[in-house]
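Each of the two chains sits in its own frame; use the hints to bring them together as a complex.
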Amino acid sequence: MTGPALSSTATLRETMGSYYRSLGDADTAPVAWCSSVGPAELLRALGYRVFFPENHAAMLGAARTANRVMPIAHAQGYSQDICSYLTSDIGAYLAGETPLKAYGLTSVPRADVLVFNTNQCRDVRDWFEWYGRQWDVPVIGVRSPRSIDTVTDDDVEGVARQIEALVPTLEAVSGARLDGARLAQVVAISRECSHLWGACLGTAAARPAPFTFFDGTIQMGPAVVLRGMEEACAYYRSLLAELEERVRTRVAAVRGESLRLYWDGMPLWGRLRALATNFAEFGTAVVASTYCNSWIFPDLDADDPIRSMARASLNLFIARSEEPKEQYIERMVRQFDVDGIVFHDCRTCPNNSNTRYAMPQRLSKRLGIPSLVLDGDVNDLRCYSDEQGRTNIEGFVEQLADTRASRRGA
Amino acid sequence: MTLMRYYAGIDSGSWTTKAVIIDADGGVLGTAVKRSGADLAVAARQAYDAALARADVPAGDIVAVWSTGFGRHNVEFANGSRTELDCHGRGVAHYVRGPVTVVDIGGQDAKVIRLDAGGQRVAHRMNRKCAAGTGSFLDEIALRLGVETGALDGLAAESAETLELSSFCTVFAGTELLTLIRSGKRPADLAMAAYRSLVKRVQAMEVFHGAMVATGGVVAHHPRVVSLLREATGGEVVVPPHPQEMGAFGASLAARDGAVAVGDALDAHGNGDGREASAATGVGSRQDVG
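Protein sequence lines correspond, in order, to chains A and B.
Last residue of the first sequence: 410 (the working numbering), numbering continuous.
Last residue of the second sequence: 290 (the working numbering), numbering continuous.
Just so you know, the hints here were simulated from the structure itself, not pulled from any lab data.
Take the hints with a grain of salt, since some may be wrong.
As the list claims (entries may be wrong) - Using C-beta positions, here's what the derived DEER-type ranges look like:
id, chain 1, residue 1, chain 2, residue 2, range
1, A, Ser-7, B, Met-4, 53 to 59 angstroms
2, B, Phe-172, A, Glu-323, 32 to 38 angstroms
3, B, Pro-223, A, Ala-63, 48 to 54 angstroms
4, A, Gly-77, B, Arg-97, 52 to 58 angstroms
5, A, Ser-147, B, Phe-172, 30 to 36 angstroms
6, B, Met-4, A, Arg-356, 51 to 57 angstroms
7, A, Glu-323, B, Pro-223, 44 to 50 angstroms
8, B, Ala-38, A, Arg-21, 47 to 53 angstroms
9, B, Gly-235, A, Gln-327, 32 to 38 angstroms
10, B, Asp-257, A, Pro-4, 35 to 41 angstroms
11, B, Arg-125, A, Pro-4, 34 to 40 angstroms
12, A, Gly-77, B, Ala-38, 35 to 41 angstroms
13, B, Val-207, A, Arg-146, 26 to 32 angstroms
Said to hold, decoys possible - A few chain B residues facing chain A, derived, Cβ under 10 angstroms:
id, residue
14, Ser-14
15, Thr-83
16, Glu-84
17, Leu-85
18, Asp-86
19, Gly-89
20, Gln-120
21, Val-122
Small disclaimer: the values here were computed from a predicted structure and weren't measured.
We put the beta carbon where it would ideally sit given N, CA and C, even for glycine.
Pulled out of the complex, with its shape left as it was, chain B reads as follows (with noise of 0.2 angstroms):
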């Protein structure tokens, strides 16, 4: 009898904290997304227990578990981590062959990160301190057009006529709005202006090389980002599977291939020869950082 082996990455990001269960060969066998809300440890277990549920893998045939998102530091079942920069890029790499310019659109904020040829990260850029650009700035769009944030995308499909939106301010962007409702203009119109601005904020931070690949929530949960970013761009831009999940798909893969975390990459370049540790029992050095 083989002993199958599964890995497992957390992505604790701002709004949602996912969780990806895979095999040996990458095979995504359960994914998981919960809020994150104040409690980042619990949505992290959470989110964990949800997807081995959906991956019909006990805890206990987990090797390792890896961390990623802004509240990597805060899983504390997870082995080592890794900034969503590198597991973003990690997680593409795997199905995208480079030079690739991976654009990361998120609840709080948005990424551009390059890799080369061989996947490895050659350059990223994150937003300023500013909503615009990312999930939060759709949010508050919907929220002055009185619709929820998912139904923004299906109410764009309905725009006949095109408006301009500021993309510098989210909260210029929402006085605009009103604006432009006080004029009259339609409900649809102006959720597609939103997506426009949105694409062109992004659009702005970094020049594009090679194929455009998409990730992050706002991309999964809002198709016209991905429509309007090919139109942008006159280039293909792909959209791998599980477009949300893909920092925690990419902790996996570290978790895997036992990339080791930063306090420890400079001696130890990349070894992850017995740095496993059940994820089960907690047992095992945690390798990251915080």
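With the rest of the complex left out, here is chain A (with noise of 0.2 angstroms):
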């Protein structure tokens, strides 16, 4: 069974929603989109508002919606098996359906520009090249390297160079030019909300975890749209409170927590609460994950602002080839003392399925713990089996637990 919910879920309600509403606001600053990991602090620095379409897609998808849209798209061209956040997000916008709405939003805001990072994936680019030709603004990005062994200074270097390119298309659709004590100032606060943020996920690293990934996947909200925002900063500083507390009386986000596992790949949307509920009834605390911690930027640094964006976007997990990979996984196995890893095989996210290139068989035989992949989608229901989920989760603590029963009868 779950724990009690965390407190500061109301305080998040209002913050999340105080940013939704804010991008209705008429007559206000320009509007970006701004892929997930893209440069939302130079954005923010030029002072525009700054609409993340993947956090948007992922609400379509938690709403269920994504299924009643997505077929639009499809019949647009966009392939059923290519990334189910794009075909939802432009399946809804062309549905005229958005659940922004609940904030005073008829639509998705209008772009001004549109900014993309590939460090993740073509189709943000894809993506934002659909609305672009939309609305007929630009479309602008980061071609960034990809499966990286080391970040090289090369490396680093020629993506700041890509960010500094930015600049002037930037300066003019917003008409403010760019200051560099303004932009050290956000890199400063993104860098605190990724502290504060990675604060608050290392607690779970406590027995019983205090939160698991399920909880984490609706309180990094504003760690993704919030980057570089006070707001962002204050919500975490409560949340560590709140999840410190826990740790300390030995509140358990999972009843009689027992064991523990990490998730590798994307949430699956639809069924959040499906999933939690149905590990949390098996004593089993999911207590971490990849997905939760690539918000967390240590390389951010406000002394050498461009750079050390570039640097962090290149660091990132999804941007690395399979043994840095490997190599963040087992730290993560280790630090959170798991009993096995749980990967999300997305149908629609190739790159960020870490399943296909046989790394939970290699991983399972590197830490010698057994590992589960799940079959589905972020947002494509069609690709899940509740049923086979369930079994194939129910089936995996009970490996887990007969393993550890024979280990102490042993």
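Rendered as structure tokens:
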């Protein structure tokens, strides 16, 4: 069973609601769309209101609107095999639907410029270009190297130059000049937010864990959409205080926590609650994930804003090759002391599915812990079988429990 | 007079519901297979009653009933449940010494389960959300060829030409089949191609370690699958007794051993003492997690 709800969630709702409502304000700052790990700090320093369509797509998935609207995008020629965030979002736009209506918006905010970073995938660029054509506005971005073994100074320089090259267009669209001091300030706030979010996630190393991956996917909202804003830092200070108090008083996110797991890959937004309940009813806490940790950017440095932004985007898990990814998961497995790893093979997100080049097999051997591969999708629920998912999870927990029992009996 | 102790397992599968009655030594006394249909609870009761009748054991002598299969939580008279992954492994481990790879091919899913030398399950893999590599694939092929699924194996015995059929997707395989029919290929060769396709799909699920054991309804009713698995892997493929009822057999062993269902396992560590209940009366604490 899941434990008590976090009381900070009420503040989270206010913080996120205030952000969404600000996107609908008329006659205020220009709007920039930004991919989730794009150069948000630069956009904020130039005074843009920043909209993150991946966050919007996740809302469509969580509200289970996605499956209703995706076919509209498929009919436009966007395959059901490509990113279901993209097809959900474009489909919703064409259907005139958005969860932002709850915050007074009638549609997603119209972009004045769209800014991508391909460090995560090509789909963000294709996605933004659709809107760029729709609204006849500039689509600019960073074409990042991927599958990086070691991030070199040359890699950083290359991306830093690309970020700098965005500035003239961004200045022209916003009508503002980039102020170096302001950028440094935004990067400092972003770094602080990243640090606080990392500290929140780190509390789940405690036994019992005060919150889980499933809580984290909701709690990460400010780290995603309010990066570079003081509001995000304020929220995570209060969340951290609550989590530390839970650790001190041993309040468990999963009652009777016995098994601990690591999650790699995207969430299944439309099945978040069902999966959280599923694991919890087996006394199993999913205590850490690659996904929630992907919004921690320790490289950000106010003394060298653009180069540090470049380094942060290159050091990100999703941009790395198999070996550094495996080393990363190994560190997480040790830090959070987990019994097994769940890999989500996300049908329409190959770049965030680490199952397709035998990583689960290699890691199980390397770490001596079993892994489970769940076939599913971030938004397209046609790719997920509830029954099979449940049996897979229950069977995996049975296996881990039996192994533990036989070790204790030996 | 010694009081006999009997146990039952029910496997509520997607196509069929299987029931097995065992004695305390794991000896199978009676089995039954019924179509699952739309009412899983009724199918479970019918299969259970039929197995009891075949075993000639009164319901009152059953100490515990455990369920498995996708409908395991619908078997209202069960005292506990385990997943089919557990029960197939448990059943096979009763007959074959590990390490073992169990290949279970059912109506709507295929599973590969790895057991270590001690019979402990160490890994599993289920098919994707797709009918290729399962009994549904053979049903579709039989339909296209205009024969009963049960006649497919006999038809394949007359095959003389090796043909290839997609192992990727049941729908595409169906259209491929139509193309081959139009080009005059013989039904016997097409039936054999369907079996090869299914085996290829299963083979791609996992690397096989140790002895291979095949179970499931497809294995029970399509011996061609076993011979092709042997051919494909170049090794021995063991088919244990009652391959279709292996899940139910495993569940009956779980009932006998008092295997603790997942929700309780983490505290209780397999101590089944005091957990038995009378299946006939349904008295006793249900230990599953649904």
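Going down the list of hints, with the structure as the test:
1. A:Ser-7 with B:Met-4: 53 to 59 angstroms: holds, 58 angstroms
2. B:Phe-172 with A:Glu-323: 32 to 38 angstroms: holds, 37 angstroms
3. B:Pro-223 with A:Ala-63: 48 to 54 angstroms: Roughly 50 angstroms apart at Cβ, these two residues keep to the hinted range, so it holds.
4. A:Gly-77 with B:Arg-97: 52 to 58 angstroms: holds, 56 angstroms
5. A:Ser-147 with B:Phe-172: 30 to 36 angstroms: holds, 31 angstroms
6. B:Met-4 with A:Arg-356: 51 to 57 angstroms: holds, 53 angstroms
7. A:Glu-323 with B:Pro-223: 44 to 50 angstroms: holds, 46 angstroms
8. B:Ala-38 with A:Arg-21: 47 to 53 angstroms: holds, 48 angstroms
9. B:Gly-235 with A:Gln-327: 32 to 38 angstroms: Holds - the Cβ-Cβ distance for Gly-235 of chain B and Gln-327 of chain A, about 36 angstroms, lies within 32 to 38 angstroms.
10. B:Asp-257 with A:Pro-4: 35 to 41 angstroms: holds, 36 angstroms
11. B:Arg-125 with A:Pro-4: 34 to 40 angstroms: This hint holds: roughly 37 angstroms between Cβ atoms.
12. A:Gly-77 with B:Ala-38: 35 to 41 angstroms: At roughly 40 angstroms between Cβ atoms, Ala-38 of chain B and Gly-77 of chain A fall inside 35 to 41 angstroms, so the hint holds.
13. B:Val-207 with A:Arg-146: 26 to 32 angstroms: At roughly 29 angstroms between Cβ atoms, Arg-146 of chain A and Val-207 of chain B fall inside 26 to 32 angstroms, so the hint holds.
14. Ser-14: holds, 9 angstroms
15. Thr-83: holds, 4 angstroms
16. Glu-84: Holds, because the Cβ-Cβ distance from Glu-84 of chain B to chain A comes to roughly 7 angstroms (cut-off 10 angstroms).
17. Leu-85: Holds. Min distance 4 angstroms.
18. Asp-86: holds, 5 angstroms
19. Gly-89: holds, 9 angstroms
20. Gln-120: holds, 6 angstroms
21. Val-122: OK, holds: Val-122 of chain B within 10 angstroms of chain A, min 7 angstroms.
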